[in-house]
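Participant: Sequence:
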Amino acid sequence: AYPNLEWNKFVPEQSANHFVNVQDLFTDDKNSLWVLDSKAADNASVFGSEQSGSKEGKFKLLRIDLASNQVIRTYAFEDLPKDKSALNDVVVDTKRQLAYLSDPGLHALVILDLKTGKSRIVLKDDVSTIAKPGFKLRLDGKDVVDSLGKPFVSNVNGIALTKDAKYFYYRAINQTKLYRIETKYLADQRLSAVDLASKVEMVAETGICHGMIADANGNIYLTNSPDRTIQYVSQDGKLHTLIQDDRLIWPDSLGIGTDGYLYLSASQMNRLPKYNKGEDKVDYPYRIYKVKLP
594 AYPNLEWNKF
604 VPEQSANHFV
614 NVQDLFTDDK
624 NSLWVLDSKA
634 ADNASVFGSE
644 QSGSKEGKFK
654 LLRIDLASNQ
664 VIRTYAFEDL
674 PKDKSALNDV
684 VVDTKRQLAY
694 LSDPGLHALV
704 ILDLKTGKSR
714 IVLKDDVSTI
724 AKPGFKLRLD
734 GKDVVDSLGK
744 PFVSNVNGIA
754 LTKDAKYFYY
764 RAINQTKLYR
774 IETKYLADQR
784 LSAVDLASKV
794 EMVAETGICH
804 GMIADANGNI
814 YLTNSPDRTI
824 QYVSQDGKLH
834 TLIQDDRLIW
844 PDSLGIGTDG
854 YLYLSASQMN
864 RLPKYNKGED
874 KVDYPYRIYK
884 VKLP
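In short: position in the sequence shown from 1, add 593, done, that's our numbering.
Think of the hints as simulated: they come from the structure by calculation, not from any bench. A virtual CB, placed ideally from N, CA and C, is assigned to each residue, including glycine. Do not take every clue at face value.
Restricting the straight-line Cα-Cα distance to at most 30 Å, the calculated cross-link-like pairs of lysine-lysine (DSSO-like) are [what the hints assert, rightly or not]:
| hint | residue 1 | residue 2 |
| --- | --- | --- |
| 1 | LYS675 | LYS653 |
| 2 | LYS725 | LYS874 |
| 3 | LYS867 | LYS831 |
| 4 | LYS792 | LYS735 |
| 5 | LYS831 | LYS759 |
| 6 | LYS743 | LYS648 |
| 7 | LYS792 | LYS743 |
| 8 | LYS675 | LYS735 |
| 9 | LYS874 | LYS743 |
| 10 | LYS735 | LYS653 |
| 11 | LYS735 | LYS602 |
| 12 | LYS648 | LYS602 |
| 13 | LYS602 | LYS711 |
| 14 | LYS677 | LYS729 |
| 15 | LYS743 | LYS708 |
The calculated label-pair distances, taken between Cβ atoms and stated as ranges, are [said to hold, decoys possible]:
| hint | residue 1 | residue 2 | range |
| --- | --- | --- | --- |
| 16 | VAL738 | GLU775 | 34 to 40 Å |
| 17 | ARG880 | ARG689 | 33 to 39 Å |
| 18 | SER740 | ARG840 | 25 to 31 Å |
| 19 | LYS648 | GLN607 | 16 to 22 Å |
Construct the entire structure; sequences and hints are all you get.
Facilitator: Spelled out as structure tokens, the structure:
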């Protein structure tokens, strides 16, 4: 159990020092592992509302020193609306001492100041952070909808930070465009909402995408569930296919190793009972795959 057994004990009433729902991991250039523990309130979750569900989410971001395997600091996001937030992915800009997070519940990006622990909500309801109305995911020959006919929908979700921390890439799942913005603008609190939105760039048409990551060469990798592919956008803005494989059922989380390989998971979200009239169609066990980088 990492970083120790105590953190991994499920004790919901003591969520401050126990994991509740680890959502994302990020390793920075200062030998720190960042762990986003995010349990959204049900009315903010991509899974929808449940009558017996929680009214408020539980969120924290841990910084773990990989040299000592000790938790150095915990951020609690006390200034976020816990009934509406659904923190999803995180990247850390050590140069500016900021963390950038996607929040599909708020339809926005969240910027966390790592020095003060205070956060800001930006680009809320921008065209770059919201799902396209009526846009449905279609996998395995059918729409991804629950038993009530409600489709899976996620606003801003996958994110990536270039290695030089110059550009932050992001997008919603339920649309087809990849966006980016220079981090110097995200860090500039003097910019109005309108001015900040004007700095957003549309990079490429990519189709549906879930997880994203950047490599050292500036390529942005994206997972595509309908096509069961891993794609990447090169620095010239062109879209390439890295691999297509039928085992990539809803590919999502990505990691880049020191061995020149891209590691990824296949979440099989569309095969959960929620989207199959109560029938579990997941092909167990869950698997991690790797593919050579270009």
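Participant: Indicate, hint by hint, whether the structure satisfies it.
Facilitator: The hints, checked one at a time:
The hinted pair formed by LYS675 and LYS653 meets the criterion: a straight-line CA distance of about 11 Å does not exceed 30 Å. With a C-alpha separation of about 28 Å, the suggested pair LYS725 and LYS874 falls inside the 30 Å cut-off, and the hint holds. Proposed proximity of LYS867 and LYS831 is contradicted: the alpha carbons are some 36 Å apart, above 30 Å. Between the alpha carbons of LYS792 and LYS735 the distance comes to roughly 37 Å, so the proposed pair goes past 30 Å and is violated.
Between LYS831 and LYS759 the alpha-carbon distance is near 19 Å, which keeps this suggested pair within the 30 Å criterion. Straight-line distance between C-alpha atoms of LYS743 and LYS648 comes to about 20 Å, which keeps the hinted pair within the 30 Å bound. With a C-alpha separation of about 34 Å, the suggested pairing of LYS792 with LYS743 is violated against the 30 Å cut-off. Restraint check: the Cα-Cα separation between LYS675 and LYS735 comes to about 34 Å, which exceeds 30 Å; the hinted pair is violated.
About 19 Å separates the Cα atoms of LYS874 and LYS743, which keeps this hinted pair within 30 Å; it holds. This hinted pair does not check out: LYS735 and LYS653 have alpha carbons roughly 36 Å apart, beyond 30 Å. Taking the CA atoms of LYS735 and LYS602, the gap is about 38 Å. The hint is violated against a cut of 30 Å. A hinted pair counts as satisfied when its Cα atoms are at most 30 Å apart, and LYS648 with LYS602 qualifies at roughly 23 Å.
A hinted pair counts as satisfied when its Cα atoms are at most 30 Å apart, and LYS602 with LYS711 qualifies at roughly 28 Å. Among the hinted pairs, LYS677 with LYS729 is consistent with the structure: their alpha-carbon atoms are about 22 Å apart, no more than 30 Å. Using a Cα cut-off of 30 Å, the hinted pair LYS743 and LYS708 is violated, with the two alpha carbons roughly 41 Å apart. Evaluation of the 34 to 40 Å hint for VAL738 and GLU775 yields a pass: the beta carbon distance comes to about 38 Å.
The hinted range of 33 to 39 Å is satisfied by ARG880 and ARG689, whose Cβ atoms lie roughly 36 Å apart. Taking 25 to 31 Å as the suggested C-beta distance range, the pair SER740 and ARG840 conforms, at roughly 27 Å. About 19 Å separates the C-beta atoms of LYS648 and GLN607, a value consistent with the hinted range of 16 to 22 Å.
Checked against the numbered hints above, the structure breaks hints 3, 4, 7, 8, 10, 11, 15 and satisfies the rest.
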